[in-house]
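Asks: Here's the letter readout for the chains.
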Amino acid sequence: MTTHSDVEQARLTYALRLGDNALVLGQRLIELVAHHPELEEELANANISLDFIGQARLFYSCAGELEGRGRTEDDFAFLRDDGEFQNLLLLELPNGHFGDTIVRQVLFDSFYVLQLEALVSCTDAGIAEIAARAIKEVRYHLRHVSQWLIRLGDGTDESHARVSQSLLDLWRYTGEMFSGDLVDDCLRDACNGPDLARIQEQWHDNVSALLKEATLDMPEDGWMISGGRQGVHTEHMGFLIAQLQHEQRACPGASW
Amino acid sequence: MRNCNTSNGHVPGQAGSRTVVSEQLTSQRISTAQIWAWLAEVADPEIPVVSIVDLGIVREFRLRENGIEVDVSPTYSGCPATEVIEQDIVIALERKGLAPVSIKRCLSPPWTTDWISEQGRRKLRQYGIAPPEHGANKRELMRGTRSIACPQCRSLQTTCVSEFGSTACKAAYKCDDCLEPFEYFKCI
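As you go down the protein sequences, you meet chains S and P in turn. Add 1 to the 1-based position in the first sequence for our numbering, that's all there is to it. Add 209 to the 1-based position in the second sequence for our numbering, that's all there is to it.
For the record, the hints were derived by calculation from the structure and aren't laboratory data. One or more of the hints may lead you astray.
Said to hold, decoys possible - Only some residues are given here: those of chain S computed to face chain P with a beta carbon under 8 Å:
no., residue
1, G55
2, I131
3, A133
4, H145
5, R230
To be verified - Listed next, the in silico EDC-like pairs over lysine to aspartate or glutamate satisfying Cα-Cα at most 20 Å (straight line):
no., chain 1, residue 1, chain 2, residue 2
6, S, K213, S, D170
7, P, K313, P, D297
8, P, K305, P, E269
9, P, K383, S, E41
10, P, K313, S, E66
11, P, K332, P, E342
12, P, K383, S, E42
13, P, K383, P, E342
14, P, K383, S, E39
15, P, K332, P, E250
16, P, K313, S, E74
17, P, K305, P, E278
18, P, K383, S, E43
19, P, K332, P, E255
20, S, K213, S, E202
21, P, K313, P, E278
22, P, K313, P, D280
Even for Gly, the Cβ is constructed at its ideal location relative to N, Cα and C.
Build out the structure end to end from the sequences listed, making use of the hints.
Replies: Rendered as structure tokens:
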């Protein structure tokens with residue numbers, strides 16, 4: 002039986018997971034600032050990463066209020082160890098080459114758009130209003146990276162081969178987006194949260210249509226890697242967290 | 210509105226010098242129109258030709274027995290101007306003697322370019338930024354590039370150079386007729 006405190010805990014965990022996804026992907030994209038081959042993409046990447054960091058701040062602030070113990074957005078971002086982060090493994094993977102970065106973004110944004118759309122009607126007002134704000138930004142991101150995927154897939158033999166490989170490499174991380182646990186079940190049943198089975202169907206249809214346009218083959222679903230939601234991360238996560246948190250760990254409370 | 214985060218709008222370390230004149234003025238009756246006019250003097254830090262009222266960032270305010278509370282809507286989640294705008298509001302109203310000023314950040318309903326006033330759109334165009342087309346609905350957002358009029362020569366023969374411009378809220382365009390590059394304040 003789901004009790005009131007189970008629901009409270011699920012809302013808190015859900016808000017933190019949304020924050021973790023946004024922060025970890027935002028941090029990965031920030032690593033690319035000043036590394037893009039052209040100015041237009043440089044601006045796009047910086048703006049997209051800024052949106053994710055902004056969303057992370059909102060979700061963490063919401064989590065802080067739900068928790069009610071006075072923790073702030075900075076406490077969640079800078080003072081938790083990697084095992085306490087519950088982001089999707091896909092998002093913590095190194096950026097790889099440009100095609101890898103674009104494929105990762107397409108796979109996640111295609112999911113995130115559907116997740117946010119469902120969260121807009123969630124009965125947790127705090128999460129729902131952030132979702133309503135973020136959905137507009139993420140739709141725009143998805144449009145941008147989808148255009149890149151089409152260009153790369155339907156581009157030269159070299160670009161086609163490279164993004165095909167990116168798809169194969171990253172596909173095994175997509176299953177985790179849809180493998181819900183008790184937190185997802187609780188949010189769905191008690192707060193009208195996202196139905197992951199339905200989202201998976203829509204995601205499959207949308208991604209399949211996009212890959213077709215990009216002349217890319219949809220990989221077969223095989224064994225899927227998961228663990229992020231339990232705090233079991235890839236070996237890359239520790240390095241990401243070290244860079245993210247170094248300043249606050251070395252000089253606690255530093256600000257400017 | 211119920212989940213607005215209330216934050217103390219005071220800028221640490223600066224409040225003392227600005228609140229000197231506040232006491233005699235808060236006791237006077239100040240009209241709502243006057244306060245809107247004061248708020249309309251606060252420029253957007255990134256596009257200083259338009260005010261935060263033109264942009265629809267200020268939603269409403271409430272005069273309190275002591276001071277004022279102002280509701281603001283952030284434009285984008287990651288907009289770096291959000292904090293600056295809040296500080297500027299506090300400074301502007303405190304200078305007019307309204308203190309203390311507290312800022313309430315309102316996410317719901319989310320800010321949309323539909324809230325930019327006609328005057329704001331005119332000022333943007335004069336400044337060389339194509340204002341957003343009306344209607345920031347989902348279809349509009351996903352439709353992709355469509356004809357955006359050049360703010361210089363009004364030609365519709367324009368090309369999107371980059372979906373993202375110098376700030377999150379703008380895209381980069383160029384005019385194929387007068388050849389001027391310009392920014393487009395995109396619909397959201």
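Asks: A separate judgement is required for each hint: does it hold in the structure or not?
Replies: Tested hints:
| no. | hint | in the structure |
| --- | --- | --- |
| 1 | G55 | holds (3 Å) |
| 2 | I131 | holds (6 Å) |
| 3 | A133 | holds (5 Å) |
| 4 | H145 | holds (5 Å) |
| 5 | R230 | violated (23 Å) |
| 6 | S:K213 x S:D170 | holds (18 Å) |
| 7 | P:K313 x P:D297 | holds (14 Å) |
| 8 | P:K305 x P:E269 | holds (18 Å) |
| 9 | P:K383 x S:E41 | holds (13 Å) |
| 10 | P:K313 x S:E66 | holds (15 Å) |
| 11 | P:K332 x P:E342 | holds (15 Å) |
| 12 | P:K383 x S:E42 | holds (16 Å) |
| 13 | P:K383 x P:E342 | holds (17 Å) |
| 14 | P:K383 x S:E39 | holds (17 Å) |
| 15 | P:K332 x P:E250 | holds (14 Å) |
| 16 | P:K313 x S:E74 | holds (17 Å) |
| 17 | P:K305 x P:E278 | holds (14 Å) |
| 18 | P:K383 x S:E43 | holds (18 Å) |
| 19 | P:K332 x P:E255 | holds (14 Å) |
| 20 | S:K213 x S:E202 | holds (17 Å) |
| 21 | P:K313 x P:E278 | holds (7 Å) |
| 22 | P:K313 x P:D280 | holds (5 Å) |
Violation of the numbered hints given earlier is confined to hint 5; every other hint is satisfied by the structure.
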